[in-house]
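Visitor: Each chain is listed here by its residues.
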Amino acid sequence: MSPSGPVPVVTFLSDYGPWDEFAGVCHAVILRRCPRARIVDLTHGVARGDVRAGALALCAAVPFAPAGVHLAVVDPGVGGSRRAVALRSGADGRHLVGPDNGLLMLAADELGGVLEAVEISHSVECLRPISATFHGRDIFAPVAAALADGATLARLGEPIDPETLERLELPRAHRHERVVTVHVLTIDAYGNVSFDATPEIVAAAGVELGAELIVQHAGGTAAATLGRTFGDVAPGELLLYGDARGTLALAINGGSAAHALGVSADDELVLSAR
Amino acid sequence: MSPSGPVPVVTFLSDYGPWDEFAGVCHAVILRRCPRARIVDLTHGVARGDVRAGALALCAAVPFAPAGVHLAVVDPGVGGSRRAVALRSGADGRHLVGPDNGLLMLAADELGGVLEAVEISHSVECLRPISATFHGRDIFAPVAAALADGATLARLGEPIDPETLERLELPRAHRHERVVTVHVLTIDAYGNVSFDATPEIVAAAGVELGAELIVQHAGGTAAATLGRTFGDVAPGELLLYGDARGTLALAINGGSAAHALGVSADDELVLSAR
Amino acid sequence: MSPSGPVPVVTFLSDYGPWDEFAGVCHAVILRRCPRARIVDLTHGVARGDVRAGALALCAAVPFAPAGVHLAVVDPGVGGSRRAVALRSGADGRHLVGPDNGLLMLAADELGGVLEAVEISHSVECLRPISATFHGRDIFAPVAAALADGATLARLGEPIDPETLERLELPRAHRHERVVTVHVLTIDAYGNVSFDATPEIVAAAGVELGAELIVQHAGGTAAATLGRTFGDVAPGELLLYGDARGTLALAINGGSAAHALGVSADDELVLSAR
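Protein chains in written order, with the working numbering: chain A, 1 to 274; chain B, 1001 to 1274; chain C, 2001 to 2274.
Derived by calculation from the structure, the hints in this document are not laboratory data.
Among the hints, a few may not be true.
Short derived list, chain C residues pointing at chain B, Cβ under 7 Å [stated by the list, open to error]:
1) D2020
2) R2032
3) G2079
4) P2129
5) I2130
6) A2132
7) F2134
8) S2264
Here chain A is said to cover these stretches of chain B; the calculated rule only asks that three of the stretch's residues, wherever they fall, bring their Cβ under 8 Å from a Cβ of chain A [what the hints assert, rightly or not]:
9) 1006 to 1020
10) 1023 to 1034
11) 1073 to 1079
12) 1225 to 1235
The beta carbon of each residue, even a glycine, is placed where N, CA and C say it ideally should be.
Let's have the full structure, built from the sequences with the hints guiding it.
Guide: Below, the structure written as C-alpha cells:
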C-alpha cells in the first residue's frame, strides 16, 4: 500500500445518517490526507448510537471488501473515557479504525483476530484542536487516511494489549429437543428480524424446508414457514430463513416482520417445530 | 473498455435504502472484481419493491450517464423464478444488469433497445454460495463488475431471446376535446406527482401557459395553473408543469401535491380546461 | 487544475435527499463533462428549501475540504428570477457554484471572500434544453464540472459585481451581564440545537465548565449544564456545549434537545447563569 502501489481502499460505516454533513466532512478529511484513497461507504444509516447494530453490519460487510482500511464510527461515548483505536487484523494486513467500544471486534474476529493495536486519541495525525464531539472528523478519519497512505500503526499511536479491547456481549440462542429459543439481534430497514443463531439450529430441531413452526413472542404466537426466500410464502405470511449474512431471520413477504410481531432488539422468541 | 482504456463507469440504482449496508456491500464487491471501476449511485431510495418507480428513475437517468454498465436492483421476486439478466443496448455499447421484471426495459428502450441478452443466474462470475435473498451482492454486482472489466455477455451467461424479456404495463393518458384523463406514475420525495403524459397533451387540449385547469381526483376537485416552475404560482397553490424528466406533473409551491390531493400511484385524475 | 494536474475535487451539497435520482443524475452529468473529477458528497439531506441550513452546513464543511469546486444546490426559487452564479474565492483558487440566494456566501466568507463572480444561467456549458425545475442537472453540475476541468470563469458566464450577491440575514445573539439571548440557527438529525453564538458568550457571562444554567424557551424553563461532550451530563439531561462547528449548542445525552424543548429555527432562548 505504498504511494506507488494499488489504489488504497477505505471502507466507512457510521451512524451519521444521510441528513447532516458529518459523513461528507470525513470524506473530505480523508481525501486531503490521502488523495489517492478510494472510499466505500458501507452505510451511514446505523441506528444512532447502536454499537451492536454497527458491529454486526461491519462484520457482515468486511469479508466482501477489498483489503484496506475499515473505518467505523458509532460512538455514543465520544469525548468520554473510551479509547480511540486502530487495529491490524488478518492475513492480508487490513486495518480497523474506530472507538474501542466493541464496534470493531466482530469484524476483527471475522478477519482472523487482532494482531496489533494502538491508542490514537493523541495521534500525530489528529486534526487540532480536537473537538469533544466529532472524533470521526478529528481523530478517526485522519488516522484511517494515514493508514491508507502507508503509515504504520507504530507511528500513529501508543501500543495497547489487544486482550484489553472492549467486546460486545451478545445473547446466545439455545435449543432443547424441538424447541429453539432465540433473541433479536438486529432489525433491518425492511423489518426483517435477525437472530443470534444460524439456520442449522432449526435443522437440528428436525425442521425441514417447507415445514411450519410456531413462533412465540411477547405479544402472542404466530405461524411461520421455513423457506429460502420471500416468495416461498404467500404475501403477508411469515418466513423463517437464513438471510444474506448467513443468520437465522424472520421476514414477511412484502411486509415488516418486526412491525407485525411487535419485536425489538434483544427480545426473546421461542420457535417450536410442529 | 479494455483494462488499458478509459475508467469504466458503473451506475447503480436500487431500493436498498440508506439504512442498511446492502448498497455498500455491492460497492465492495464491484471494487474487488474491477478496482478501476467508477461507481455512480443514481439512487438507492426507490420505494421498496416498487419496480415501476425504479424503472422510471433509471430511464430518466441513463441519458445523462456516461456509456458504461447500468446496474439496477429492485427485486421483490429475488430467489424465485424470475430470471437474472445482463443486456447490451444502444449504439455506444452500454450494458444493463438486473432482474428480469421490467426494471431495465424502459431504460433499454430509451437507449435504443436490446441488442443482446443473457441469463446470469448461474454465471461464472457469481459469488458462491449464492444466497437466496441478496442477488445484488452475489449475482448482479459481480456480473456488472465483470462487464466493466471488459468481459463479454457471451462469457457471462446463457443467451436468451430479447423478445422474451419482461415488460411493465404502464397506464395510458387520453384526451377527449378539452378534458384530459391521466394516471399517477410516480410521486417524488417532495410530493410532486408525475403522470403518464407529456405537457403536449394539455397544450392539445387548448390550455395555455398561465391558464387555470380543474383537477378532479377521488377526494374532490382543485384548481391548478399551467406553469413552468414552482414560483409561477403562489405558495400553497397547485402547479401543472412539465417536470425535469419531460413528464406532465403536479406540484404545490412549497408543499406536497400528493399529500394535499391524497393521491397515490395509479390513481386516475381528470384535468379540464376552463 | 489542468488536465495533466492532480485529480480535481468537486464537493456537492444539496437538498435533493436520498430518495430520488436527482443527486445521482448530477454525478453522472459531472462525470461526463470531467471524467477525472472526484466528487465528494457533503450531504444531500439539507431540509427541503432551507437555504440557511444549507449555507451553514457548507460553511462548516469547506475548511476541511481540498481546494477545488464547491457545488451547492438548495434552490427554492429555481426557474424564477434569482441568478445562477459561479464564484472564485480564497487564496487557493477555489470555486463555488450554485443559486444566488445566499447559499454560497457564508462559505465564501469563510474562504476569504469572493474575488470574481459570473452569472451562468446561459452558460455555454448548460445542458440544453434547460429545464425550469432542475438547474442542478442543467446548469450547476455542468458548470462545476467545467471548472473542475480547468475552465475559467470568464468563459463560463457574464461577469457580475460580487457586491451584488445575495446574503442571508442571520439573527444575532446578545448578552446583558449574566443573561444571554440566543436564537436557533439549525437543528441536526440528532435533535442537537445550534445557536447564533460561540461558547465564548457564556464564558463572558461568567459561566464555568460544569456550572448549571437556566434555559428559558417558549414552552417553559429547563436546567442545562455547560460541558464539553454528551457524557458530561446524565442520560436525558441537557448539555450546553461548543459543537464540532465551534458553535454554541444544546443537546440531550441520548435524546433530542429540539424535541424536548419544542424549539424550531429562529426561536429565541434566554440562558441565565445561576
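Visitor: Does each hint fit the structure? Answer for all of them.
Guide: Now the hints, each set against the structure:
Below 7 Å, beta-carbon pairs count as interface contacts, and C:D2020 has one with chain B at about 5 Å; its hint therefore holds. Proximity of C:R2032 to chain B holds as hinted, the smallest CB-CB distance being about 5 Å (cut-off 7 Å). Satisfaction of the interface hint for C:G2079 is found here, the shortest Cβ-Cβ separation to chain B being roughly 3 Å, below the 7 Å cut-off. At about 9 Å, the closest approach between the beta carbon of C:P2129 and any beta carbon in chain B exceeds 7 Å, and the interface hint on this residue is violated.
A least Cβ separation of about 10 Å between C:I2130 and chain B goes past the 7 Å threshold, and the interface hint is therefore violated. This hint holds: C:A2132 has a C-beta 4 Å from the nearest C-beta of chain B, less than the 7 Å allowed. Taking 7 Å as the C-beta cut-off, the interface hint given for C:F2134 holds, the closest approach to chain B being about 3 Å. For C:S2264, the suggested interface contact is broken, since its CB lies about 16 Å from the closest CB of chain B, more than 7 Å.
Using a Cβ-Cβ cut-off of 8 Å, 4 residues of the stretch 1006 to 1020 of chain B lie near chain A, which meets the minimum of three, so the contact claim holds. For a cut-off of 8 Å, the count of residues in the stretch 1023 to 1034 of chain B with a CB near a CB of chain A stands at 8, and the three-residue condition holds. Only residues whose C-beta sits within less than 8 Å of a C-beta in chain A count toward coverage, and the stretch 1073 to 1079 of chain B has 4 of them, enough to reach three; the restraint holds. Beta-carbon proximity to chain A at under 8 Å applies to 0 residues in the stretch 1225 to 1235 of chain B; the threshold of 3 is not reached and the given coverage is violated.
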